[in-house]
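Once you've looked at the hints, dock chain L against the given chain Y.
Line by line, the protein sequences are chains Y and L.
Note that this note's numbering numbers the first sequence so that position 276 is 276, with each residue one more than the last.
Note that this note's numbering numbers the second sequence so that position 381 is 381, with each residue one more than the last.
Hint data in this document are derived by calculation from the structure and do not stem from the laboratory.
The beta-carbon is built from N, C-alpha and C at its ideal position, and this holds for glycine as well.
One or more of the hints may lead you astray.
Quick partial rundown of chain Y residues pointing at chain L, CB under 10 Å, derived from the structure [stated by the list, open to error]:
{"id": "1", "residue": "Ala-43"}
{"id": "2", "residue": "Phe-85"}
{"id": "3", "residue": "Leu-97"}
{"id": "4", "residue": "Val-109"}
{"id": "5", "residue": "Leu-119"}
{"id": "6", "residue": "Leu-164"}
{"id": "7", "residue": "Ile-420"}
{"id": "8", "residue": "Ser-421"}
Quick list of in silico lysine to any residue cross-link-like pairs, SDA-like style, CA-CA up to 25 Å [said to hold, decoys possible]:
{"id": "9", "chain 1": "L", "residue 1": "Lys-57", "chain 2": "Y", "residue 2": "Asp-24"}
{"id": "10", "chain 1": "L", "residue 1": "Lys-87", "chain 2": "Y", "residue 2": "Asp-24"}
{"id": "11", "chain 1": "L", "residue 1": "Lys-114", "chain 2": "Y", "residue 2": "Ser-30"}
A short, non-exhaustive set of chain L residues, derived as facing chain Y with CB atoms under 8 Å [claimed, not checked]:
{"id": "12", "residue": "Ser-29"}
{"id": "13", "residue": "Ile-37"}
{"id": "14", "residue": "Lys-72"}
{"id": "15", "residue": "Tyr-95"}
{"id": "16", "residue": "Val-99"}
{"id": "17", "residue": "Leu-107"}
{"id": "18", "residue": "Val-154"}
{"id": "19", "residue": "Leu-264"}
{"id": "20", "residue": "Ile-420"}
There are 2 protein chains.
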Amino acid sequence: MAKDLPKRSENYSEWYNQIVTKADLAEHSSVRGCMVIKPYGYAIWEKMQAALDKMFKDTGHVNAYFPLFVPKSFLEKEEGHAEGFAKECAVVTHYRLKVDPDHKGKLIVDKDAKLEEELIVRPTSEAIIWNTYKGWIQSYRDLPILINQWANIVRWEMRTRLFLRTTEFLWQEGHTAHATREEAVVETEKMLDVYADFAERFMALPVLKGVKTPNERFAGALETYCIEALMQDGKALQAGTSHFLGQNFAKAFDVKFSSKEGKLDYVWATSWGVSTRLMGALVMAHSDDEGLVLPPMLAPIQVVIIPIYKKEEELAMISEKVLQIKKELEAKGISVKFDNSDNRSPGWKFAEYEFKGVPVRIALGPRDMQNGTVEVVRRDTREKMVLQQTDLVNKVEHLLENIQSNLYQKAISFREQNTISVNTYDEFKQAIEKGGFVYAHWDGTPETEEKIKEETKATIRCIPMDAKNENGKCIFSGKPSERRVVFAQAY
Amino acid sequence: MAKDLPKRSENYSEWYNQIVTKADLAEHSSVRGCMVIKPYGYAIWEKMQAALDKMFKDTGHVNAYFPLFVPKSFLEKEEGHAEGFAKECAVVTHYRLKVDPDHKGKLIVDKDAKLEEELIVRPTSEAIIWNTYKGWIQSYRDLPILINQWANIVRWEMRTRLFLRTTEFLWQEGHTAHATREEAVVETEKMLDVYADFAERFMALPVLKGVKTPNERFAGALETYCIEALMQDGKALQAGTSHFLGQNFAKAFDVKFSSKEGKLDYVWATSWGVSTRLMGALVMAHSDDEGLVLPPMLAPIQVVIIPIYKKEEELAMISEKVLQIKKELEAKGISVKFDNSDNRSPGWKFAEYEFKGVPVRIALGPRDMQNGTVEVVRRDTREKMVLQQTDLVNKVEHLLENIQSNLYQKAISFREQNTISVNTYDEFKQAIEKGGFVYAHWDGTPETEEKIKEETKATIRCIPMDAKNENGKCIFSGKPSERRVVFAQAY
Chain Y
1 MAKDLPKRSE
11 NYSEWYNQIV
21 TKADLAEHSS
31 VRGCMVIKPY
41 GYAIWEKMQA
51 ALDKMFKDTG
61 HVNAYFPLFV
71 PKSFLEKEEG
81 HAEGFAKECA
91 VVTHYRLKVD
101 PDHKGKLIVD
111 KDAKLEEELI
121 VRPTSEAIIW
131 NTYKGWIQSY
141 RDLPILINQW
151 ANIVRWEMRT
161 RLFLRTTEFL
171 WQEGHTAHAT
181 REEAVVETEK
191 MLDVYADFAE
201 RFMALPVLKG
211 VKTPNERFAG
221 ALETYCIEAL
231 MQDGKALQAG
241 TSHFLGQNFA
251 KAFDVKFSSK
261 EGKLDYVWAT
271 SWGVSTRLMG
281 ALVMAHSDDE
291 GLVLPPMLAP
301 IQVVIIPIYK
311 KEEELAMISE
321 KVLQIKKELE
331 AKGISVKFDN
341 SDNRSPGWKF
351 AEYEFKGVPV
361 RIALGPRDMQ
371 NGTVEVVRRD
381 TREKMVLQQT
391 DLVNKVEHLL
401 ENIQSNLYQK
411 AISFREQNTI
421 SVNTYDEFKQ
431 AIEKGGFVYA
441 HWDGTPETEE
451 KIKEETKATI
461 RCIPMDAKNE
471 NGKCIFSGKP
481 SERRVVFAQA
491 Y
Chain L
1 MAKDLPKRSE
11 NYSEWYNQIV
21 TKADLAEHSS
31 VRGCMVIKPY
41 GYAIWEKMQA
51 ALDKMFKDTG
61 HVNAYFPLFV
71 PKSFLEKEEG
81 HAEGFAKECA
91 VVTHYRLKVD
101 PDHKGKLIVD
111 KDAKLEEELI
121 VRPTSEAIIW
131 NTYKGWIQSY
141 RDLPILINQW
151 ANIVRWEMRT
161 RLFLRTTEFL
171 WQEGHTAHAT
181 REEAVVETEK
191 MLDVYADFAE
201 RFMALPVLKG
211 VKTPNERFAG
221 ALETYCIEAL
231 MQDGKALQAG
241 TSHFLGQNFA
251 KAFDVKFSSK
261 EGKLDYVWAT
271 SWGVSTRLMG
281 ALVMAHSDDE
291 GLVLPPMLAP
301 IQVVIIPIYK
311 KEEELAMISE
321 KVLQIKKELE
331 AKGISVKFDN
341 SDNRSPGWKF
351 AEYEFKGVPV
361 RIALGPRDMQ
371 NGTVEVVRRD
381 TREKMVLQQT
391 DLVNKVEHLL
401 ENIQSNLYQK
411 AISFREQNTI
421 SVNTYDEFKQ
431 AIEKGGFVYA
441 HWDGTPETEE
451 KIKEETKATI
461 RCIPMDAKNE
471 NGKCIFSGKP
481 SERRVVFAQA
491 Y
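Extracted from the complex, chain Y is given alone in its bound form:
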């Protein structure tokens, strides 16, 4: 097995941890709960950012930047919001260190530099942003405001896992302001669609779109929409959320506008975000027992070319050909690495790029040069092909498209095979034990939701947007229900 990677079937959790570290995506830092995103991992995140940023701009949004710190009094203003985040806040209390008079070379907090009001390192930016919007909004002419921010976020987590749950993470957060409820709801749903589209087209990750139950809503929201994906261990992962905030933050920060008719009203709000958590979803969705598998649309290196040679003259000959192929591929926008390093064997390189999930590997040796061929291996199926050098660029281009759609289809099939509808609590418990998405009737009460969670660890992932009206009975309480919701154990 590659790099002593455990099999998914044996220890999925450890398999994930090792892929993340051994494929050089990220590692734990010496700062509790914070990670270092390594260059290879960050390159994937940059590709995600670029694609999302374009989608945000194409839907009329602009970027801006708001302060890292939220004064404690701002956080208090929206009650639900305050309670939701209070327990996980990093608090800045002082603004200066000084040399410890008793220990040369040591620094201590300067007690004279205590802040009058504590500053919270942003756990999300609604408070600081709505405090700012107050100054920007007077009339309906100032609306809508369609702003996104790329930023770092801190939520103190007791149990952390690389990408999935870290004290500091990177994300984007959209914060929009609207004149009407309808417009804000349209925005909330539009951004959910953007996220779903991104997950499916770029990450090759099928997602369910739905709304959260009140229990699972964002602190301060009237409605939280989400996309939910299924990982290979049968657990669900929330991959993005879009919140309809109603007038809660406008009321908390007293943001009113005068309408066309001259009436004063509070502004309507949305917020929406995805984070480096998507990196975890990407790893878990497609990778296998041989290491990382990356969809071509997000792979920093899409094609790696490895020369097979014994003599320097052979390398020279091969290199000439490879550089030509590389140039042609790059002209098509395909990212190519020619690994001609001489301190590693071809076998070592094969294993390395396979582990790192490079979608297409091309090898080229003296015999290939004679025959006008190359050896091509696709990472997803590990299928080996011998291709003619003529028209190679088109073939590789199609192969990359094929890999992208194959990964998506595979993930769709996996989800279909791991989605079930159940009608009794016994069936439900069995299904949850097995893993996957479980469609079941629920009586709509937080109490039932809580009890099911206690007994089975399953949560309601969402009430699907496309749920059909269907009369049934709650699997737990037997009370009437009008549609099925989706349960799963989740990350």
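Just chain L, lined up with the frame of chain Y:
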């Protein structure tokens, strides 16, 4: 005067503040010393980022991300570094808030959630990064490491100004690790060249390249290289720095590597950065009494097109033509805004885009439609031209190039007119009073440097890279000197 903007000659400082806020670049937030970068300002920063990021990647660097927090003990490890930053550190001491039992709806710091070791919000990342590099470097094969990070930084400032000096700012910081002193010095100088190239080509801002005196070095560096630009009020602005860190951080964090010959040695380091301070430099370098002036290479909107009409049919006819022109300009990679909003007059729009520094304004009315012409105004000289619609795209393209080089030439001329060599302290004081770069002999001692600073507020901006050997006498002490250094009052 535009938007009641003070004249530069009357109140340069207030002129700057008002341009930044009234052109919607940034504003003060409610968080002490922190700014909100507004969408128009952030769009300029994004253009800077894109250009710099490409230059970093073209010179072999990759991006990564390291934690926001630096444990206090890490900061202590490099003594000079610790002393340099201790006084301006935001300190996280607790990780939780709780509801105030005495005041409903209020939050207080949870005393039970005190951190064992305080965390510093990064004032720069050498400490956290070198602690990480320790785990990455064993052999010369692991070197060089060429990493850049885009991040937010916090340095507690008592007196802040938008972009120029803020408690939180955005920047990039390169952190590289090398096997030899020579290689590290080459890297330090290479990145200084990248910064100079960026400033001159993109910002149209001529810069002096040089090294700092020991007094002005980065805390922990053996040598600090810098680029220095001259603002319109005759003050200098440090626009970027590149530090040769020697083995200081490798020693502090015990980072050794085995060389090809099997010898153990400490790793050599560099770090280099530019920040949102560049936004301040950009504003101050080119703008005039009518508002912001942006070089086309960094302007979010390069061309604005404004229709002049009375009847709806006229607008329809004009719009058709404009959309065609817009499409052709965009095909050339030129960013165009067609402002057909009906709630503002053309005159208002002219003033608005002039104030916001849009390089080229095109107006199109019914008479232009008859004559096959457009009215074009360039922002830098405010010159008005009537151009034929035929071949307009090429003309606009050349005009943008012309504006870019004109701004650079103007800044070069300004610098030449405001650069002087002096030989006596009287001449020196007069020249410093007048403003500009002052070349003078200095005896090389920190004491003299300090005294000159006390008496004249002038600091040594740099010892220029291209300084000629020239025997002379220190303007202050009369002691011998081998070359002139550059003095100025500075931001």
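### Query
Can we keep the Y:Ala-43 interface hint, with Cβ of chain L closer than 10 Å?
7 Å, holds
### Query
Once the shortest beta carbon distance from Y:Phe-85 to chain L is found, is it less than 10 Å?
OK, holds: Y:Phe-85 within 10 Å of chain L, min 8 Å.
### Task
Would you settle whether the hint for L:Leu-107 is holds or violated, based on the nearest Cβ-Cβ distance to chain Y being less than 8 Å?
Interface hint status for L:Leu-107: holds (5 Å vs cutoff 8 Å).
### Task
Against chain Y, run the beta carbon of L:Ile-37 and see if the smallest gap drops under 8 Å.
4 Å, holds
### Message
Using the nearest Cβ pair, does Y:Ser-421 come within less than 10 Å of chain L?
### Response
Given a least distance of 42 Å, the restraint on Y:Ser-421 is violated.
#### Entry: Proposed interface contact between L:Leu-264 and chain Y, which counts if any beta carbon pair is under 8 Å
Since the shortest Cβ distance to chain Y is 20 Å, the answer is violated.
### Query
Holds or violated: is the Cβ of Y:Leu-164 closer than 10 Å to a Cβ in chain L?
16 Å, violated
### Message
For L:Lys-114 and Y:Ser-30, compute the direct alpha-carbon distance and say whether it is at most 25 Å.
### Response
18 Å, holds
### Task
Would you settle whether the hint for L:Ser-29 is holds or violated, based on the nearest Cβ-Cβ distance to chain Y being less than 8 Å?
Because about 5 Å separates L:Ser-29 from the closest Cβ in chain Y, which is inside the 8 Å limit, the hint holds.
### Task
Against chain Y, run the beta carbon of L:Val-99 and see if the smallest gap drops under 8 Å.
Holds: closest Cβ of chain Y sits about 7 Å from L:Val-99, inside 8 Å.
### Query
For the hint on L:Lys-72, does the least C-beta distance to chain Y fall short of 8 Å?
6 Å, holds
### Per-residue hint verdict: Y:Leu-119, partner chain L, C-beta under 10 Å
It holds, given that the least Cβ distance between Y:Leu-119 and chain L is near 7 Å, below 10 Å.
The earlier numbered hints that this structure contradicts are 6, 7, 8, 10, 19 and 20.
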